[in-house]
Amino acid sequence: MTGPHPVSAQNRIWAGLLALCLILTVLAHFCPWLRNFPAGLTLPLAEGLNLAVTPLFEAARPLGRIVAVLVETPLGLIRAGLAWAPWPAMVLAAMLIALRAVGRGFALFTGAGLLAVVGMGYWPKAMNTLALILISVPLAVVLGFALGVLAFYRPRLRPAVIAALDVMQTWPAFGYLIPLLLLFGFGPTAGLAASVVFSIPPMVRNTLVGLGDVPPAVVESALMAGARPGQLFWQARVPTALPQLLVGVNQTTMASLSMVIIIAIIGGFNDIGWEVLSAMRAAEMGRSLGAGLVIVLLAILLDRITRGLAERRDPRLPRSLSGRGLAFGFGAALLLALALSGQDLLPGDAGQRALRRLDGWLLEFVTWSAPFFAVLRNVITWGVMLPLRLGFSGSASPMVWGFALTPGVTLAYAGASAALALGLGWRRPGAGIALGFASLLFWTGLPNFPWIGVFAVIATATWRAGGAGLCLLALSGLGIAGVSGLWGAMMQSICLCAVAVLICFAAGGALGVAAAQSDRFSAVLRPVSDTLQTMPQFVFLIPALMLFRVGEFTALIAIVLYAIVPPIRYVEHGLRNVRADLVEAGRQMGTTPWQLLWQVKLPLARSSVRLGLNQTIMAALSMLVIAALVGTRELGQQVYVALSKADAGAGLVAGWIIACIALVADRMLRAPAGVQSE
Amino acid sequence: MTETPAGALLSCRNLWKVFGPRPGWYFDTAGYRIDPEALAERLRREGHIPAVADASFDVQAGEIFVIMGLSGSGKSTLVRCLSRLLDVEHGSMSFEGVDLRAVSGRELTEIRRRKMGMVFQSFGLLPHLTALENVAFPLKLRGMARAAREARAQEMLELVELGGRAGALPSELSGGQQQRIGIARSLAPDPDLWFLDEPFSALDPLIRRQMQDEFLRLQRQLKKTIVFITHDIMEACRLADRIALMRGGRIIQIGTPAEILLSPADSYVAEFTADVALSRAIRLGDLAVTAVPGEAPAGPALNPRAPIETLLPEIAAGQKRFAVEAAPGQPALVLEAEAVLAVLRRDAGPDAGCESGPR
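Residue numbers (full-length UniProt numbering), protein chains in the order written: chain A, 1 to 678; chain B, 1 to 359.
Treat the hints with care, as some may be off.
As the list claims (entries may be wrong) - Pair by pair, the computed Cβ-Cβ distance ranges are: (1) 175/B / 585/A: 29 to 35 Å; (2) 585/A / 268/B: 38 to 44 Å; (3) 103/B / 61/A: 37 to 43 Å.
In short, the hints are calculated from the structure, not lab data.
Virtual Cβ for every residue (Gly too), placed ideally from N, Cα, C.
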């Protein structure tokens, strides 16, 4: 067939949108209000919210105070207890737990790691963080379980609960920290509340899944055995769902740790997160690296121990330590504690001095490696970030690319893109339109794309993928960004995230493909991804800051480090789980390995890859606010600035826009694969 | 018509169970007679599924009553209605003279704890409990002391020949072993009425056969009243005293295996039973007749539950009459070899022996 491919109705809509955007772009040269959201349309949204929220939370303050006392009393007790307990007894107890939950090797690792914490002089701070976790995890687990049970028994509430969970997980905690501070006053309670809000969702989800997966025969057999409702729940449903519930406890613990450390930003608790933050602010690399290591160690210990308990519930599996041995060991630890109490056993500041000395070496390393990292930085900045940010029209100047933007160049660009788009669109209209959009975007840069065009494109895409509800959600996010004067910041955020996701997917996808091809590479890569995934987000700032100093590029690196695991995982998982008979069929037809990968395996792994993309975007967005600490110019920074000014309204608005982007991206990529394709 | 007939432990009349948006809506016609065919048709037309439509039968004490049908015929739903795991829309059920639909939640729990046991196709064992704890579970629920319930559970495990695996978790046992645990658990409270919902369908054919033998052995020992669900006609014929055949929610025939095989109610039943070898399914007792006093044949009386194929060697050797064991106090039974041969001819089909006949 040589004639043009018939154009579907869907493609006609997209072609119309392309034409609209093209016209708007041209017109924007003459009337700038078409380019960025007009300043005249802004409303004092944040101020209004402040007027509403502040009195409300001030009024609820007495209640908040009561809660604060209820939380801070046990917190104080735990903290005092941990401060009293001499470290040798604590290390022994931790090793016993590790031995019981995981095994001998891990117990040794625990001992060595904790000794290093003591040696570096971070023991009291680490114990303060542990105290926060010991309060926040049980709270989140109990509340999450209760909410999950409620949603399980009241299916009508389920959609509302799940929507709330999505918002809780995507709305950056800094955004709602200010109202919490208003409510609970300045102190650890506000931070703990934020951490509980953030770490409840995995518990709720796992409770719902666990209870929902109890086989009907188990429920029926318990009923026929004569179980009353309470007996049915506690003796049949809960024990059967327990493995899943313990997975929830593990995920909740990790989320809680991550958040407890970030929340240190409000200060006042002398914990390890605060240590990292103050060291970073003082540009003391050695100290921040040391404190970062302590956080990573805490994360690994908590993860492996809670996971070990979840996986090794079976009482008759061989264990390194019997129950009696455990009791005996704890008795010994207690005796040790009593014997040593009151003595100052902590080493002096030798560890801290050593870390300071490390500063000098690190500085040397940074200076020595600077040329290499400068190349990386320049390639990514000039090659990816600037074009997306400023576009061809913005970055084509003699200073940047060595030539000026003359009418001739403009004409040539327009002509070449039009010719390419038409040529491609002749046979494959969808691809032609996509190319048209890409070249238009490349011309204006993402932040300068005409705003009406953004509205139209997003509205169409969300409508097609998720119907009216999703479309409304997306438009509300865009609208709020526009009227609150955050349009530019939002576009910058999308830009930064897009670059990060692109890099993550290119690099992570390649690693995933390599891991799927080679078992040996996979075995090397897996522990690395495991560790990256357990690390609290905050930690990723440390190496990025060390190598690249303050700036947007540093933020990008931190985001990429945090968000690179999902593409590796999902691409490898997807490729490895392609049905073996289809791979054999492909081989039998005589594909080369390359053809097998691109034409058989990757298309079949599409849904897994798509899920990986979804997870990458979620990770990048959640890192946005934290990366703002090292200097960006986008929404995350707005949230952070609002926090430092105690501007509740601004924080809520900027946070809600980020949550909106995340929710929309999530829904778009979760929609069934068939919806968007022709 | 709703009271329990003499000898029936469980009886139900005109049971309806309907799934759909408003199942109760069709049954507020107290005093009117429901025409089952028309109502089922109307329910289907209006987006409902009549999973059980107008089921009526009595289960006699000590009887194995098999409910048989293909998947989707409503047999599992029916047994769940009888055990009140599902509530019916219409009809009446009585168990030991008690109106099952009227009992309160507490009374129902009490009945289940002491008088009913149930075995499930997918076993339904609690994964966190050992074999012994699973069997003791119903006793624990009703508050029996640990020592007493574990002794009873151990006794039940011995009964199903798993006494040595008391400490095993369900995940460590084979399917057949798991189902033995399920059987032991359902028998632990010594129920009067025993429901078995496709207990052997998830097992391999060889194990299934063993479990059926085991089941018959247990029943000879325990003499429970049994409602047994299966989709396997051979299993039904082997085990049943009486069979209820279901299709599309309705019971289309109730009878002994021999009645169902020899005089099917309609072409569906006939087709359904066409592949069953009669020589294996028909029992000596089905063909035996009361002997004329003084003319009872010599020799030991045979087990009336044995299939007629067990007689083939003797018939081939020329024996014409057999004595069959009669129920206590009943007159002696006799089985004519000719009656067996008549069944065998029928089994061979209408074409058999026609080679020499005109075409």
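Comparing the hints with the structure gives:
Taking the beta carbon of each, residue 175/B and residue 585/A are about 34 Å apart, inside 29 to 35 Å as hinted. In this structure the supplied range 38 to 44 Å holds for residue 585/A paired with residue 268/B, their Cβ-Cβ distance being about 42 Å. In this structure, residue 103/B and residue 61/A break the distance hint of 37 to 43 Å, their C-beta atoms being roughly 54 Å apart.
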